[in-house]
Amino acid sequence: MRWRSQRSLCPGCWSSRARRPADVLEGQMRFYQLQRPAPSTPRHWNGSLSAEHVWSLPGVECPTCHETWSGQFALPSVDLSSLPGRDLLVEPRVEPHAEYARLASRVQPFLPTGVSPEPGMQFGPLRGTAHGTFGPLSARYGWEALVTQEALRHLQAVGIRGLAPVRAELQGLDAGVVLYELEIPLRGLLHRDAVLTGPRCPTCGWYEVRISPEPWLDGAALPHDVDLFRPANGTTYTFVTERFVEALEALGPSDVTFREAGVVPASRTGSVH
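For the sequence shown, numbering that gives the first Met the number 0 begins at 0 and goes up steadily by one.
Rather than coming from a laboratory, the hints here were simulated on the basis of the structure. It is possible that part of the hints are untrue.
Unchecked claim - Derived CB-CB ranges, DEER-like:
#, residue 1, residue 2, range
1, Ser39, Thr63, 40 to 50 Å
2, His65, Glu259, 33 to 43 Å
3, Gly251, Pro212, 22 to 32 Å
Think of the CB as a built atom: it goes at the ideal place given N, C-alpha and C, for glycine as much as any other residue.
Construct the complete structure from the given sequences, taking the supplied hints into account.
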């Protein structure tokens with residue numbers, strides 16, 4: 000089974016047919032990609048989680064493209080506790096497309112406007128155990144962002160936009176410690192020169208994707224109402240504004256890195272095939 004969605008990173012597959020940006024827009028807000036540090040980088044904090052979201056759609060076996068796959072997109076604010084048959088969404092597994100489609104159709108009314116279900120999509124808060132101590136911001140897997148209660152209050156107080164915190168249900172934290180997962184809004188786009196795509200399967204939606212190891216943003220689609228976001232064509236990537244970086248750095252060290260991302264105004268079509 001391919002445990003990647005059609006939107007996930009494939010750094011070893013990046014093609015030289017796509018160009019890196021020669022320059023970026025000047026006189027605008029800077030944007031940064033939120034990343035986990037390299038394994039060899041010394042850590043400031045020793046916190047770790049063993050937790051999963053409460054519900055998830057199954058992965059899919061497609062009769063058309065013959066792919067078996069599951070995505071990684073999570074919506075922790077989506078509450079399925081009133082959905083009949085929600086017990087079928089507790090155990091991660093793979094189902095034939097017909098059964099996946101049946102379950103997805105039942106979940107659809109609970110999703111935010113404009114969001115469609117996909118195989119492996121996860122819902123509800125993180126639930127599990129935690130060990131150690133956590134810094135202001137943690138990036139689990141590189142795309143799940145968790146903040147301490149103190150950090151959340153600070154980010155809210157300084158006016159960081161787009162915050163949608165969901166309290167994680169974790170055992171093992173020190174008394175008084177609370178962690179929140181940030182549900183990061185879908186906004187903007189990776190520049191099309193940084194994303195090469197293949198044809199989409201008409202049945203399950205799978206398509207091959209290759210994304211630059213250091214993707215840049217489409218200047219024509221920059222969000223102006225949030226300070227953190229995931230591009231619609233790269234949902235395992237998290238970007239933040241310099242306002243977010245400055246606000247976080249005021250809280251001291253976190254075990255994350257910020258790579259400044261290029262912003263290019265023009266787009267051209269990229270294709271895998």
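Against the structure, the hints come out as follows:
1. At roughly 43 Å, the beta carbons of Ser39 and Thr63 sit within the given window of 40 to 50 Å.
2. In this structure the supplied range 33 to 43 Å holds for His65 paired with Glu259, their Cβ-Cβ distance being about 41 Å.
3. Checked against the hint of 22 to 32 Å, the C-beta distance between Gly251 and Pro212 comes to roughly 29 Å, which is consistent with it.
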